[in-house]
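Enquirer: Generate the whole structure from the sequences, applying the supplied hints.
Protein chains in written order, with the numbering used here: chain A, 147 to 328; chain B, 3 to 379; chain C, 86 to 358.
Simulated from the structure, these hints should not be mistaken for lab results.
No incorrect hints appear here.
Computed list of chain B residues with no C-beta within reach of chain C, every gap over 12 angstroms:
1. Pro118
2. Glu192
3. Ala244
4. Tyr272
5. Lys300
6. Glu326
7. Phe359
Pairs of lysine to aspartate or glutamate, DMTMM-like flavour, derived with a Cα cap of 20 angstroms:
8. C:Lys276 with C:Glu337
9. B:Lys350 with B:Glu278
10. B:Lys198 with C:Asp129
11. C:Lys98 with B:Asp210
12. A:Lys228 with B:Asp362
13. C:Lys274 with C:Glu337
14. A:Lys211 with B:Asp362
15. B:Lys49 with C:Glu344
16. C:Lys351 with B:Glu46
17. A:Lys211 with B:Glu364
18. A:Lys297 with B:Glu184
19. A:Lys211 with B:Asp296
20. C:Lys126 with B:Glu224
21. B:Lys8 with A:Glu177
22. A:Lys231 with B:Glu364
23. A:Lys211 with B:Asp373
24. C:Lys98 with B:Asp236
25. B:Lys163 with B:Glu251
26. B:Lys8 with A:Glu293
27. A:Lys271 with A:Glu320
28. A:Lys231 with B:Asp362
29. B:Lys8 with A:Glu205
30. B:Lys300 with A:Asp204
31. C:Lys308 with C:Glu318
32. A:Lys271 with A:Glu309
33. B:Lys352 with B:Glu326
34. B:Lys45 with C:Glu344
35. C:Lys126 with B:Glu204
36. B:Lys198 with C:Asp128
37. C:Lys172 with B:Glu224
38. B:Lys45 with C:Glu355
39. C:Lys98 with B:Glu204
40. A:Lys297 with A:Glu308
C-beta atoms are modelled at their ideal positions from N, C-alpha and C, and glycine is treated no differently.
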Amino acid sequence: MGRYEIRFSGSGGQGLILAGVIFAEAAAIYEGINAVQSQSYGPEARGGASKSEVIISDETINYPKATNIDLLLALTQESCNKYYKDLKEGGILLVDEDFVTEIPEGNYRVIKLPIIRAAQEKVGKAFVANIVAIGAITAIVGKVSYESVEKAVLSRVPKGTEELNKLALQIGYEMAKEKVTR
Amino acid sequence: MARQVKLFQGNEACAYGALYAGCSFFAGYPITPSTEVAEVMAKELPKRGGAFMQMEDEIASMAAIIGASLAGAKSMTATSGPGFSLKQENIGFAAIAEVPCVVVNVMRGGPSTGVPTGPGQSDIMQCRWGTHGDHPIITITPAYVQEIFSETVRAFNLAEKYRNPVIIAFDEIVGHMRERIEIPEPGELEVIDRKKPDVPPEEYFPYDSSKGDIPPMANFFEGYRYHVTGLNHDRTGFPINACELVHIEEERLLRKIYANRDDIVKNDEYMLDDAEVAVFAYGACGRSAREAVDMARKEGIKIGLLRPLTMWPFPDREVEALAERVKAIIVPELSLGQIILEVERCSKGKCRIDGIFRVDGEPISPFQILDKVKEVL
Amino acid sequence: MAYDYSRYLRNDKFPHIWCPGCTYGIVLKAIIRAIDKAGLKQDDTAIVSGIGCASRLPGYVDFNTLHTTHGRAIAFATGIKMVKPDKNVLVITGDGDATAIGGNHFIHACRRNIDITVVVFNNYIYGMTGGQYSPTTPTGAVATTMPYGNVDPQFNILELAKGAGATFIARGTAYHAAGIDNLVVEAIKHKGLSVVEIINACPTTYGRRNKFKSPTDMLLWMKDHFLPVTAFEKLPPEKTAGKLPMGILYREEKPEYTEMYYSMVKRVQEGGK
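Expert: Have a look at this one:
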């Protein structure tokens, strides 16, 4: 497998940096392939546009930043507008269908999922939206196993929230799986 | 037992590398983008019986690690940009008083407050010349998370071996990115401790260079009562006014490092043997350059990389030798052109030198480097 | 028999750099007597200083001595004390060193209540650099950088220390030299941050410019302007105007910093949180 670039984007406070860390950890530690996670951030801890990037590859990853994105997750319209141009031709734009209503034109595949709503309604906690997103990304990317991702999630989430997060991961995975296989 | 595998930030790897080297005292002050180093030390040092202190300011942090080192601890501080400026006076104190210590500078952008959350490499000359006066300094410039761990161990080793402050400088990109790291087992990496005196207290002189340029170091409270000062001093440690002795002692301080440059200088040389163009790069730019070399080689373009892991003392001979056999050396930097000046100086006009400079908070990409290579070929 | 100072001195380092008429020698002797009386072992004691005339003191005494950068002595001393909490750490500093350039370290050491004894030599002036006004220079006094009379308000070093959390404060003067011994002994014995202010005379850069005809006049000024705290407190305000109390002015038992830190370390190592 060559270089595969993922960018998690949304608003500060949505847990996207943690999402990137978890996915990278799943790949690098539990799956045993190379992964690099990086981020850029502003001074604010909440709000603003936030992005976190994960690159996975069988080869050594020297350049740590995403420039030719295979998969872009956008949880807000602002982040979608800001970053869609970095998608490569034939890449995938994964959006939260409730918050990203205007899909920019481009030569890529769009997958719309109710990520935040699913976290709210099916898990009962909006703050697990990042884990729902990881579930969806796991299904879409297909290069890191569900088991590896689940292990990484459980190693990073606070004690007592394991079941909640397992459920969130599963919901995200199944939602996306349906779209990917259809 | 298998080595522990972790996904660590560069900053985290730096802290764990310090602990591996035996660091038992850390003093710091919160500053972006280096704070994670302090946070790991605050968490881990108490577990190991060591001490972490968040001091009232950057100056105090630098002072405290020097005091701690004199009391026998391996010590470290970490900072960025403005904090590095504030530490400079006491870095000079550590240099003239020959107190081993490690200073981490996770480089951000801009002068003054600049771009606190963005990367930069514009402190690299400050690492060499930040404090006033002639002084010896060692600066280590790792680029990969695994390398930050092992180079931090090396930084402590060099500090202890040469009785000198050692700076570890890497940019925010490398400090904050996460990468797979295998934690070496105890004993796997060499750990060096300062050489203690082998003479009784009455025969001990703290700056005695009769047996070599690096005097053995007694810690405070070990029965060797001596004096330490930032004034120019003689072998006894007491201030001198005899100017010729000042000159002799200052030369020894520089010689201590430069005469041992082969032991201190370390480079990653990649595909240089048949290279027509070389890239001289470190930190995040070094990573991009390595990628650019791979990309170029796939296109049949012969380029190579000289990536210094020790920036100070500067790899002058290596650069000169390179300049003799390549058409050009490309120097990508996250500054408006600093280390290129050293490359120009050491290449002595023997080849073309071109820079790629960027200070907009974004890294220099492999494509930018490759484009430049094609331009000069 | 006269007291023998020589075992605590680096006798080959004399003559000292202090001017004729300077009172630092008087205070140096008192500090040696106090260290002796407190029973501190030379090998187990570090004396740390910053920059200035007072900060040259460590060079003359036979301990583990550290002459640091301007204002930073307490920060260096903090590093030593944290690594070796069972050892004795004293700081010798001046008014400018402690309360101007080193003011931040001074107040934060007080706040932490770390077990360091800080002796501040207050001579109301930057002496080594030739007589510039310091934070303790009296308003109206003449200094090379206040040639028309000082307009800066004065710091009261001990009120500053107390306000910042120091748990032992005391004041002595070079004139009342015999009284210094006990102040320093008690300061050393005190577990926590102790500050002893010693009023000193700089005839060369302060006295000459401020109508003191001789060094003796400066000592007589101390005699007239400092009263034992017990006497001071009994007098009505009109009788103490322009005067200051001396002696142990405040003492309080509070948890000491290294003890608190290492009890946390113990708790962590035993598996607590």
